[in-house]
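Whenever a hint applies, use it, and build me the whole structure from the sequences.
Number of protein chains: 2
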Amino acid sequence: MTQDPLVIFTPSGKRGRFAVGTPVLTAARQLGVDLDSVCGGRGICSKCQVSPGYGDFSKHGVTVQPGALSDVNAVEERYDRVRGLKPGRRLGCQATVQGDVVIDVPPESQVHKQVVRKAASARVMTMDPATRLYYVEVDEPDMHSPTGDLERLKRALADQHGIEVDRLRCDLPVLSKLQPALRKGKWTVTAALHKGHADAHERILDLWPGYWEGRLYGLAIDLGSTTIAAHLCDLRNGEVKASAGVMNPQIRFGEDLMSRVSYAMMNPGGDAEMTRTVREAINTLAVEIAAEGEIEPSQIMETVFVCNPVMHHLLLGIDPVELGQAPFALATSDSMSLDARELDLSAINPAARVFVLPCIAGHVGADAAAVALSEEPYKAEVLTLIVDVGTNAEILLGDKRRVLACSSPTGPAFEGAQISSGQRAAPGAIERVEIDPVTKEPRFKVIGSDLWSTEAGFAEAVGASGVTGICGSGIIEAVAEMRAAGIVDTSGLIGSADQTGTPRSVAEGRTHSYLLHDASEDGGPRISVTQGDIRAIQLAKSALYAGARLLMDEMGVDEVDKVILAGAFGAHISPKHAMILGMIPDCPLERVSSAGNAAGTGARIALCNRSARADIEARVRDIHKVETAIEPRFQEHFIAANALPHATAPFVELRKIVTLPEVSFNSGGEDGGGRRRRRRG
Amino acid sequence: MTQDPLVIFTPSGKRGRFAVGTPVLTAARQLGVDLDSVCGGRGICSKCQVSPGYGDFSKHGVTVQPGALSDVNAVEERYDRVRGLKPGRRLGCQATVQGDVVIDVPPESQVHKQVVRKAASARVMTMDPATRLYYVEVDEPDMHSPTGDLERLKRALADQHGIEVDRLRCDLPVLSKLQPALRKGKWTVTAALHKGHADAHERILDLWPGYWEGRLYGLAIDLGSTTIAAHLCDLRNGEVKASAGVMNPQIRFGEDLMSRVSYAMMNPGGDAEMTRTVREAINTLAVEIAAEGEIEPSQIMETVFVCNPVMHHLLLGIDPVELGQAPFALATSDSMSLDARELDLSAINPAARVFVLPCIAGHVGADAAAVALSEEPYKAEVLTLIVDVGTNAEILLGDKRRVLACSSPTGPAFEGAQISSGQRAAPGAIERVEIDPVTKEPRFKVIGSDLWSTEAGFAEAVGASGVTGICGSGIIEAVAEMRAAGIVDTSGLIGSADQTGTPRSVAEGRTHSYLLHDASEDGGPRISVTQGDIRAIQLAKSALYAGARLLMDEMGVDEVDKVILAGAFGAHISPKHAMILGMIPDCPLERVSSAGNAAGTGARIALCNRSARADIEARVRDIHKVETAIEPRFQEHFIAANALPHATAPFVELRKIVTLPEVSFNSGGEDGGGRRRRRRG
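Chains as they are written, first to last, in my numbering: chain H, 44 to 724; chain V, 44 to 724.
No lab work stands behind these hints: they were computed from the structure. Hints may contain errors.
Any copy, or any two copies together, can satisfy a pair, since identical chains are not distinguished.
What the hints assert, rightly or not - No more than 25 angstroms apart at the CA atoms, straight line, and that leaves these computed lysine to aspartate or glutamate pairs for DMTMM-like:
#1 Lys-220 with Glu-316
#2 Lys-238 with Asp-214
#3 Lys-227 with Asp-99
#4 Lys-238 with Asp-377
#5 Lys-227 with Asp-185
#6 Lys-422 with Glu-498
#7 Lys-238 with Glu-207
#8 Lys-227 with Asp-377
#9 Lys-220 with Glu-385
#10 Lys-220 with Asp-382
#11 Lys-220 with Asp-377
#12 Lys-156 with Asp-565
#13 Lys-422 with Asp-665
#14 Lys-238 with Asp-209
#15 Lys-102 with Asp-143
#16 Lys-229 with Asp-185
#17 Lys-229 with Asp-377
#18 Lys-227 with Glu-316
#19 Lys-220 with Glu-323
#20 Lys-443 with Asp-601
#21 Lys-220 with Glu-120
#22 Lys-238 with Asp-382
#23 Lys-443 with Asp-123
#24 Lys-238 with Glu-194
#25 Lys-57 with Glu-151
#26 Lys-483 with Glu-564
Listed below in structure tokens is the structure:
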């Protein structure tokens, strides 16, 4: 008696013997091989494409003869004719096993496919979306055995796709579409089924008559205090179809988080007003991004939010007042799985599901959790410091043994606010600065041009609107370069023209400013770095540094092995200048990297992979939170960090980069007061 | 070494040994004794009252000495002083075991208490409500171990009440109340938790600061084509606090179900219009019944609906068009568990849960399922026929071995519609009729008076509005009495005055009518039973009888052992007259009973007992449906049943009641045409 043919799947290596005539898809399912299928083996969806190999596969111990699979059949021929099949490809549901065979499942035919993220740090992302499409053929109703159309659809999902349907949910708006859809589709229908990572049962989110060719999309939303940024992702392969951002319209209720909390405290119904406002903005953003991605907004079936705790509460419709005062109690810290309609997200599919990442603490939100999910400090071999710089900086420190987290109130200076010539990062804003240590003359680049200001053609490149101001990364470089060029001393004082040797030092009352750019003759702006600007940057960087130091204290270390700068802003900071300023603890420069918008990346990971949701929920519980607001050492570090560069950390590495002049203009009169007013509570 | 004291609970008989000092509530919980507690043993809620017995309990093998429980403590003394404790009662959470003791748990201290239904057929109903109150003390937030208030509430529910909280749900509106409630209640709160019979996890429906004294209520709603009737029930003990009904305002879209289906087919958006209308009426009814029951509408946390399939679909917002044509496919046949807000039931608690009983088939709805739940034919020892009479009659036949169901389109004649002097059951309507077989003179009673029309004081009792018409039970008695008095012959013809010997036989065109009441001299109505009325009743009763016969055929029987007349109308039908008419198959008269509003009772059972919900779901799957619309024998039975009394059934029993004269007025000219037009499809 001859044995049944041996079937080996690659890349999984799973193998088994199957009777002659067994469809490849059936063999794959029985072996638990990850081979996709929307139509359940009806030759409609073509998701189950495989590549049989022929010849000698000695490492698998088989030789595959021609004819190991059945001949290409009519369904496959028609598919190839109409849509085109790559050479050598077969439909797994049509090709049947005839002899020993090695079958490769290409990445695009895997449900849990791994895709390479298109980002600076190319990384593999595994797809495991919570919402998937299923095509089914449903029994027609029978008067002699009367069951509802929904019950017959459930049976079809169970029989044809192995879905556990006992408590499958179908909300009323979808149920009301079922009968017309089944009749229009001649008793076939495509259903979008959702099963979240913590759900015991599937639910039907939407239905289409017959086999629906469309795709499902998700929105990964980074809901910041200032900006709402979204990525529109294809839920099959994680591809980013479009990205868009809008200003957070809550800004009119307060520039920073604490002023929004104050607004809610002072104005009855103010929290509801801010909730309504931000939800409207998200709806607008969803419509825009769908248009940009050329899809219907109703194809958006999933949304993931990452945000800080105050934005988190305002998004959910919870008064954030408790977040404005000790003990900074969150209404809820766990992740949330919601219906889009609970958040009034009417622009997307009404049945869309929403996942909100968990918060780490009252000051360390779901955005920090998203950064953790993206950068995975809990898997790091070396001690890693992750700094997500924004109006509040979220700081994570740790490795695979232990991770700490805190947030630090840096204020908006790093984003160009509270800076005399500050502006948001937009065309015309100075983003790079160099100052010649000898001549003390500056040159700079503005957003929208690759030319230095001293190069020919700069004026033309910048155009009529000209140089408009200085953005966050620009002010950091300007202050750092001023320090390196000896225009600013260790205490942060700008020297007079006499002291610095440049007429760009201009007296302003009792202090001085440094003139970076003067277009006033042409009616343009005079862009200076004032003493106030330096003080604002000093406060911000001291807060950032103090937060990092506090975590290092808690961890019992004086150095870190690796620094990751995250955040839209973090991506543009020059590590060298950050270190000159003393924003971050010293670390070999080559070990400082930028992760780009790590919170947004974390949101995308959670959008595409439900097991990542479960993972971050568990990880967050293990992250130890350090509350800066009640920690006396934070104040000590904050004050100690005020100097440029600060005095507390070894400065060995930095000396390799640039020799800082040992100047001091301190006449004893001026000093940056009001450091303490930045504390919360 | 002495043994620990023996504790025996009655009535359960559960027993165990516990260390001296163990609180009675703790002992009860460890033994799985059903002893209630809302506050989790804090001496606040007083739900855990028990009655210790002292003396000789020989049947339990113990003698209980004085001092078997600890002395009454301060908490009990204060409770007794403030609220009063029945003599001998102790608080189970305060009293501790000191020696062998027998402890009785009175019915009101049991969660799953059994209550006697206040209805004609007194029956025991077991409480097992899906929504219960829990009082908890919640930890205050701690900055060093930051968790959300919700997470600390969950932990408290788990620790203090053993609730499984891992996936406990809390919708956003409730979550937004949590922080203020905890602070107002000084870190104590009362939560209403819901766990439906098919739910894997609890959900928080509402919250109150501190220990909330209020009670939770539920609405059992019988949503009929004509009337919406509701009972407001206390979810602790099932007590009916109030009952109310309103007309179904959908009547303006069509008197009967098929005209409403037609309205939906003919008018785009017509189904949505009817859905909106009925939901508004339910909201109005909820507000009225809450006012009558002197509770806040927000205390209504559960609602159960029973209704026919068309009302079912219109309630849920599903176009009922498929129910108007073969194969009469339901969108869904299973039970539904919903949020009140999904049905726009804004008048009650926004988080209230809704349970809709399952439908049996496209013509046999959740109302029939509720009748089955109430009357339990599937537990019957003898073959039981249950007839729920309405515009459609739902008919169940079976016993513990097998149950069959069908519906029959009786039309509205039994409800007084399509009857010349017909009216709804309301004061002034004739409801009882007797006709002297010798004089052929009638006497009658009207709703609102106990006097016969021939008795002294009748006119005064009826009052100024007088006799206004004839209701469903009245027309049935009138026609039956006319038959018994020989005024109507077997074929249903009314004889002329010559033939009947009474001037009350009045010629009307080619036919005759019988004058029941004439107030025309005083400007009042002339109330007659016309030949058309007889024909309408014949059609209705033939349909009802044919449905019953069809089920008997299917069951292979010629007789039934027991008949239950159900429905608000069924409760008022005289079994004798129903049998004279041939509405129901013959059966010894003493085995014909009325179950009152059995559908409403079924709704109340499902409201108070979640395991009854699971039970009826399972039972409904086993009920075999017979579709009258496609069954040729239904037509045969229908035609054969037209006679008064019908010719197909033995008439032995009935002859004991009344001797029917063998008269025939048939001149061959007139006959009830149009019988066939009443068929659906």
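#### Entry: Numbered hints the structure breaks, given as an ascending list
When the structure is compared with the hints, numbers 3, 6, 12, 21, 23 turn out to be violated.
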